[in-house]
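Participant: As a plain string of letters, each chain reads:
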Amino acid sequence: MFAIARGAIDVVAVEDAVRAPECGAVVTFVGAVRAQSDDGLPVVGLDYESHEPLAVQTFEEIAREARERWGDLRVAVVHRAGVLDVGDVAVVVAVAAPHRAEAFSACAFAIDEVKRRAPIWKKERYRDGPAERWRENP
Amino acid sequence: MFAIARGAIDVVAVEDAVRAPECGAVVTFVGAVRAQSDDGLPVVGLDYESHEPLAVQTFEEIAREARERWGDLRVAVVHRAGVLDVGDVAVVVAVAAPHRAEAFSACAFAIDEVKRRAPIWKKERYRDGPAERWRENP
Amino acid sequence: MTVRVLAFARIRELLGAPESTITLPDGARVCDAWSALTGRAPALEELSSSTRVARNGLLVPRDERLQDGGEIALLPPSGGG
Amino acid sequence: MTVRVLAFARIRELLGAPESTITLPDGARVCDAWSALTGRAPALEELSSSTRVARNGLLVPRDERLQDGGEIALLPPSGGG
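Protein chains in written order, with our numbering: chain A, 1 to 138; chain B, 1 to 138; chain C, 1 to 81; chain D, 1 to 81.
Honestly, the hints are just simulated from the structure, not real lab data. C-beta: ideal position from N, C-alpha, C; glycine also. Any given hint could turn out to be false.
Stated by the list, open to error - Output of the computed footprint for chain B on chain D, the stretches with three or more beta carbons under 8 Å from beta carbons of chain B:
(1) 8–16
(2) 34–41
Stated by the list, open to error - Only some residues are given here: those of chain A computed to face chain C with a beta carbon under 10 Å:
(3) Q36
(4) S37
(5) G40
(6) V44
(7) T58
(8) G82
(9) S105
(10) K122
(11) Y126
(12) R127
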């Protein structure tokens, strides 16, 4: 499952998509909208925008790279686009593997790469702070 | 949430228990019964037995140690006891943190420690193989 | 030749639209398209070094030749997650 | 004195019950309880070095003194997860 979601992400469906009898370990990363920006401003919400076909293709590439590094894995990546409030789930990465070390490593790798290179952009909106800002990942 | 579950574990409830507005990252480990033992035998199911009060206390200790190492975290650990089939969820560890590096590290630490020292025991049952066996973690 | 341009995030705002069409001399390259767009929206200039350009799902270098009727996507630094 | 013993997993199976009561001389220690149980189930012997003993939620050493009416838990190596 590799997708841009226009509405709320069903975390269970993403986890279930990677479950398999040979996989004893599922590691899931859920990224949610924080009440505070990295530089400490009070966030009320985010707008996410994406190049959807290229984003989905990037998720598939990242999964392929993870399998090259850590062997047989089942990977799902879903990122939400549109208007999100504080607490809303923005991204879910689920990785299933026979054993947990590979699942942890591959899940951490995948979310790092999604943040680094997926064509997805984020504009933060603030409570009685400055005007909204596009925010880039470091 | 630190518990021994007598029936199916509600994974979403465990994840929700650690969610909070200041936590942008939730990492969840789900351990499920594999169709194959570590030495390659066809598993049909497991029986888990625990010293319940000591297990719960051990989960709490592990969470406290994780917070000492990685700062402000929200941790939940639920392990199932009783008779499980292949594919059933045996254990869920969820960790929420402001940022993802701490959430990944603390979740991996917590499941390692649960396996190493929680008073929980596992007997594997096999399909047309040898008699059932108690299995210890390495 | 004409090329369709998909713009996102800050670049979309500076250009005023998610899609636009630009006309370029035959043989034009990605960098020529970027120059034409900077003529329309000078504030793009400071985003030049951080913007990646994709065509058909692949990143392309600035000296890549464009094709008549083709499409390029202008991608600011990622902010997902 | 009498001490209640909680047994788990393989040890429970060898003793034939999850709980049992043993009678020991006053001043007995954990190792004396273990010896009495090994008398009942000689196969326990080979588990001696890998078994941990807990009392009131804390692991206790083998030379810990027992108390009349107290309880100990015999914990084989963990197999959870």
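Participant: Please go over all the hints and tell whether each is borne out by the structure.
Facilitator: To see whether the hints hold, each was checked on the structure:
Check on the region 8–16 of chain D: 4 of its residues sit with their Cβ under 8 Å from a Cβ of chain B, so the three-residue criterion for coverage holds. Three residues within the 8 Å Cβ limit are the bar, and the region 34–41 of chain D against chain B gives 0, so the coverage statement is violated. At a threshold of 10 Å, the smallest CB-CB gap from Q36 of chain A to chain C is about 16 Å, leaving the interface hint violated. For the restraint placing S37 of chain A at the interface with chain C, the shortest Cβ-Cβ distance is roughly 12 Å, beyond the 10 Å limit, so the hint is violated.
Evaluation of the G40 of chain A hint against chain C yields a violated restraint, the C-beta minimum of about 18 Å exceeding 10 Å. Hint on V44 of chain A is violated. Least Cβ distance to chain C is approximately 17 Å, over the 10 Å limit. Satisfaction of the interface hint for T58 of chain A is found here, the shortest Cβ-Cβ separation to chain C being roughly 9 Å, below the 10 Å cut-off. Given the 10 Å rule on beta carbons, the hint for G82 of chain A is violated: about 13 Å separates it from the nearest Cβ of chain C.
Violation of the interface hint for S105 of chain A is found here, the shortest Cβ-Cβ separation to chain C being roughly 18 Å, above the 10 Å cut-off. Given the 10 Å rule on beta carbons, the hint for K122 of chain A holds: about 4 Å separates it from the nearest Cβ of chain C. Checking Y126 of chain A against chain C by beta carbon gives a least distance of about 16 Å; that is not within 10 Å, so the hint is violated. Here the hint on R127 of chain A is broken, as its CB sits about 20 Å from the closest CB of chain C, past 10 Å.
Checked against the numbered hints above, the structure violates hints 2, 3, 4, 5, 6, 8, 9, 11, 12; every other hint is satisfied.
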